[in-house]
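Protein chains in written order, with our numbering: chain A, 1 to 111; chain B, 1 to 115.
Take the hints with a grain of salt, since some may be wrong.
What the hints assert, rightly or not - Below, in silico cross-link-like pairs of lysine-lysine (DSS-like), each with a Cα-Cα straight-line distance of 27 Å or less:
| # | chain 1 | residue 1 | chain 2 | residue 2 |
| --- | --- | --- | --- | --- |
| 1 | B | Lys11 | A | Lys42 |
| 2 | B | Lys11 | B | Lys78 |
| 3 | A | Lys37 | B | Lys11 |
Worth flagging that the hints you see were computed from the coordinates, not collected in a lab.
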Amino acid sequence: GENVEQHPSTLSVQEGDSAVIKCTYSDSASNYFPWYKQELGKGPQLIIDIRSNVGEKKDQRIAVTLNKTAKHFSLHITETQPEDSAVYFCASLGNGQNFVFGPGTRLSVLP
Amino acid sequence: DARVTQTPRDKVTEMGQEVTMRCQPILGHNTVFWYRQTMMQGLELLAYFRNRAPLDDSGMPKDRFSAEMPDATLATLKIQPSEPRDSAVYFCASGDLVGTAGELFFGEGSRLTVL
Chain A
1 GENVEQHPST LSVQEGDSAV IKCTYSDSAS NYFPWYKQEL GKGPQLIIDI RSNVGEKKDQ
61 RIAVTLNKTA KHFSLHITET QPEDSAVYFC ASLGNGQNFV FGPGTRLSVL P
Chain B
1 DARVTQTPRD KVTEMGQEVT MRCQPILGHN TVFWYRQTMM QGLELLAYFR NRAPLDDSGM
61 PKDRFSAEMP DATLATLKIQ PSEPRDSAVY FCASGDLVGT AGELFFGEGS RLTVL
């Protein structure tokens, strides 16, 4: 089955700096890659996603890149703000219609 | 404002007791997932349903866990008997998965503590 790895597990950045979180997946049939943000005490919430026919997608300060050949995708957050502090999960969706999540990255944005 | 509703939000029980968690997915969504979240395991898939039919429950300990969807407005996850290692936050998520993509909407979770 699909296996999703995510690095780093924790990340601290200064406010205003950029943050990058990387994920790899194993199933070449996977074709949809969302990123979820989980704030304390809440359920994860979708922040951006990318399909396999696209290499990059941007939404304001957030961007996601996908390299299908290498089977990895990354989340980029620019000009980080304290409210970006949360746990971020990458995921992949394959033909089985089963979302497999990475283990998560705890991002701390230091003022 | 459509949302996934889970009950109870918090449950403390003693080992050996039966626990039932309930989820009301967003109306019209065709897929419902149950995930378990612990500090060590991240988001672990337990089971999921498509149009109320169970598609995969390989992530569940079959001897004690069961998941059902008696109707389109209710999904249940039952643990009998519960054990301390079941302590975790259980999330229900629903989505209208069309083709090969779709957003999952998560509930706020049910925090289970088994003493």
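Against the structure, the hints come out as follows:
no.: 1; hint: B:Lys11 <-> A:Lys42; in the structure: 16 Å, holds
no.: 2; hint: B:Lys11 <-> B:Lys78; in the structure: 13 Å, holds
no.: 3; hint: A:Lys37 <-> B:Lys11; in the structure: 25 Å, holds
The structure shown violates none of the earlier numbered hints.
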